[in-house]
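J.: Sequence:
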Amino acid sequence: MPQQLLPSVPYDRTANRPGWEELPAEFRQALEERLGARVLDVRVSGCGFTPGFAALVSTADGEQHFIKAASRTTDVAGWYEQEAKFTAVLPAGIPSARLRWSADLAGHFVLSLDPIPGAHTPELPWVPAELKSALKALTVTTEILAQPTEELLAQELGSWGEVIDSALNKWRTGAADQSHPQLRELIRLESRFDELTRGSTSLIHCDLRLDNIVIDSSGQAWICDWNWLVHGPAWFDLISLLLSAEASGLDGDALFESHPIAAGLPSDALDAALAAFLGYYLYAGAQPEIDTSPEVRNHQQFYGELTLRWLARRQGWA
Numbered sequence: 001m002p003q004q005l006l007p008s009v010p011y012d013r014t015a016n017r018p019g020w021e022e023l024p025a026e027f028r029q030a031l032e033e034r035l036g037a038r039v040l041d042v043r044v045s046g047c048g049f050t051p052g053f054a055a056l057v058s059t060a061d062g063e064q065h066f067i068k069a070a071s072r073t074t075d076v077a078g079w080y081e082q083e084a085k086f087t088a089v090l091p092a093g094i095p096s097a098r099l100r101w102s103a104d105l106a107g108h109f110v111l112s113l114d115p116i117p118g119a120h121t122p123e124l125p126w127v128p129a130e131l132k133s134a135l136k137a138l139t140v141t142t143e144i145l146a147q148p149t150e151e152l153l154a155q156e157l158g159s160w161g162e163v164i165d166s167a168l169n170k171w172r173t174g175a176a177d178q179s180h181p182q183l184r185e186l187i188r189l190e191s192r193f194d195e196l197t198r199g200s201t202s203l204i205h206c207d208l209r210l211d212n213i214v215i216d217s218s219g220q221a222w223i224c225d226w227n228w229l230v231h232g233p234a235w236f237d238l239i240s241l242l243l244s245a246e247a248s249g250l251d252g253d254a255l256f257e258s259h260p261i262a263a264g265l266p267s268d269a270l271d272a273a274l275a276a277f278l279g280y281y282l283y284a285g286a287q288p289e290i291d292t293s294p295e296v297r298n299h300q301q302f303y304g305e306l307t308l309r310w311l312a313r314r315q316g317w318a
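Using my numbering, the letters of the sequence shown correspond one by one to residues 1 to 318.
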């Protein structure tokens with residue numbers, strides 16, 4: 001069993017978001033008019049890496065709303081609009097908060113989601129019961145997305161080849177550290193991942209991190225932030241989630257091999273995926289800091305460290 005390796009900043013404190021009073025008065029008024037009641041309480045989410053507004057909003061009529069909003073002058077508005085578009089057509093049964101509405105208000109794009117009772121972000125190290133619930137949520141989601149609705153298929157979804165060519169080819173293109181002592185093997189494994197997955201046509205979340213999971217008051221896991229829904233291999237989401245199990249000192253190999261999503265995969269599939277993840281995280285973590293997202297590079301560097309440790313252990317690298 002690996003030792004625990006925890007991040008310097010907990011994942012419920014990574015965001016740099018505006019508070020309610022920091023939002024433009026014109027927008028606050030427009031939102032209250034849309035909600036139909038005065039805002040009494042706002043609990044801003046500390047999770048995530050975008051600088052958009054995201055908060056549980058309580059209003060004078062006793063209602064609660066989970067609101068996300070961003071100025072149309074920022075890229076974040078486009079991401080939120082994409083999230084609203086995809087969330088609106090997720091099939092029933094997927095453990096995800098339902099979209100209530102989305103709109104342009106006072107120069108901002110806004111979406112309103114059903115609040116999840118007692119919602120909290122899982123902590124590292126994982127509570128075993130919460131990780132089990134998250135893995136179950138992924139299983140259910142994968143089964144439902146295996147038979148996508150016409151509404152889903154009508155969306156403009158990217159191909160998995162596009163994801164590989166933009167993010168999961170960093171060893172082969174020379175973008176990742178070319179001085180790595182295992183470079184030749186990393187290139188081979190990354191190429192193998194391409195070979196195994198390029199034609200994937202399933203639908204996947206494609207960003208299934210610890211902080212895109214919410215646990216409710218009953219212990220059920222919900223999957224949030226559907227910005228990047230794309231055609232791809234379901235086991236990519238599984239490995240993405242299990243990187244946080246590596247941080248928790250859990251047996252990622254056993255968790256992967258015992259999960260139904262991994263059934264029937266070649267014996268080198270996990271290593272191939274880890275090599276592709278590693279190239280991406282080492283490359284991304286070395287990019288310039290982003291003022292509006294001060295923790296994202298730390299996150300990418302941390303996940304690079306986790307991925308390298310897991311892959312090195314499996315490969316027997318010193």
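If you are wondering where the hints come from, they were derived from the structure by calculation, not from laboratory data. There's no promise every hint is true.
[Claimed, not checked] For each label pair, taking beta carbons as the anchor points, the in silico distance ranges come out as: (1) 156 / 312: 31 to 41 Å; (2) 267 / 181: 16 to 26 Å; (3) 178 / 21: 25 to 35 Å.
[To be verified] Derived EDC-like pairs: lysine to aspartate or glutamate, alpha-carbon spacing no greater than 16 Å straight-line: (4) 85 / 150; (5) 85 / 165; (6) 132 / 253; (7) 85 / 104; (8) 85 / 162; (9) 132 / 289; (10) 132 / 257; (11) 136 / 257; (12) 132 / 81; (13) 136 / 216.
If you're wondering where the values come from, they're calculated on a predicted model, not measured in any experiment. Note that CB positions come from ideal geometry on N, CA and C, so glycine has one too.
J.: For the hint 16 to 26 Å, verify it against the beta carbon of residue 267 and that of residue 181.
T.: 24 Å, holds
J.: Within 16 Å, alpha carbon to alpha carbon, are residue 85 and residue 165?
T.: Violated, because 25 Å separates the two Cα atoms, which is more than 16 Å.
J.: Run the distance test for residue 132 versus residue 257: straight-line Cα separation, threshold 16 Å.
T.: 14 Å, holds
J.: When you take the CB atoms of residue 178 and residue 21, is the distance between them in 25 to 35 Å?
T.: For residue 178 and residue 21 the Cβ distance comes to about 49 Å; the hint is violated.
J.: Starting from residue 136, check that the Cα of residue 257 is at most 16 Å away, please.
T.: Within the cut-off at roughly 15 Å; holds.
J.: Is the Cα-Cα distance between residue 85 and residue 150 16 Å or less?
T.: OK: residue 85 and residue 150 at ~14 Å, within 16 Å.
J.: So if I understand the rule, the pair passes when the alpha-carbon distance is 16 Å or less; does residue 132 with residue 289 pass?
T.: 34 Å, violated
J.: Compare the distance between the alpha carbons of residue 132 and residue 81 with 16 Å, and conclude whether the hinted pair is satisfied.
T.: Distance ~31 Å between residue 132 and residue 81 Cα, so the pair is violated.
J.: Kindly confirm whether 31 to 41 Å is satisfied by the beta carbon distance between residue 156 and residue 312.
T.: 39 Å, holds
J.: Please work out if residue 132 and residue 253 have their alpha carbons no farther apart than 16 Å.
T.: 15 Å, holds
J.: Does residue 85 pair with residue 162 here, judged by a C-alpha cut-off of 16 Å?
T.: With Cα atoms ~20 Å apart, residue 85 and residue 162 exceed 16 Å; violated.
J.: Check the hint pairing residue 85 with residue 104 against an upper bound of 16 Å on the C-alpha distance.
T.: Given that 16 Å is the threshold and the Cα spacing comes to 13 Å, the pair holds.
Of the numbered hints listed earlier, those contradicted by the structure are 3, 5, 8, 9 and 12.
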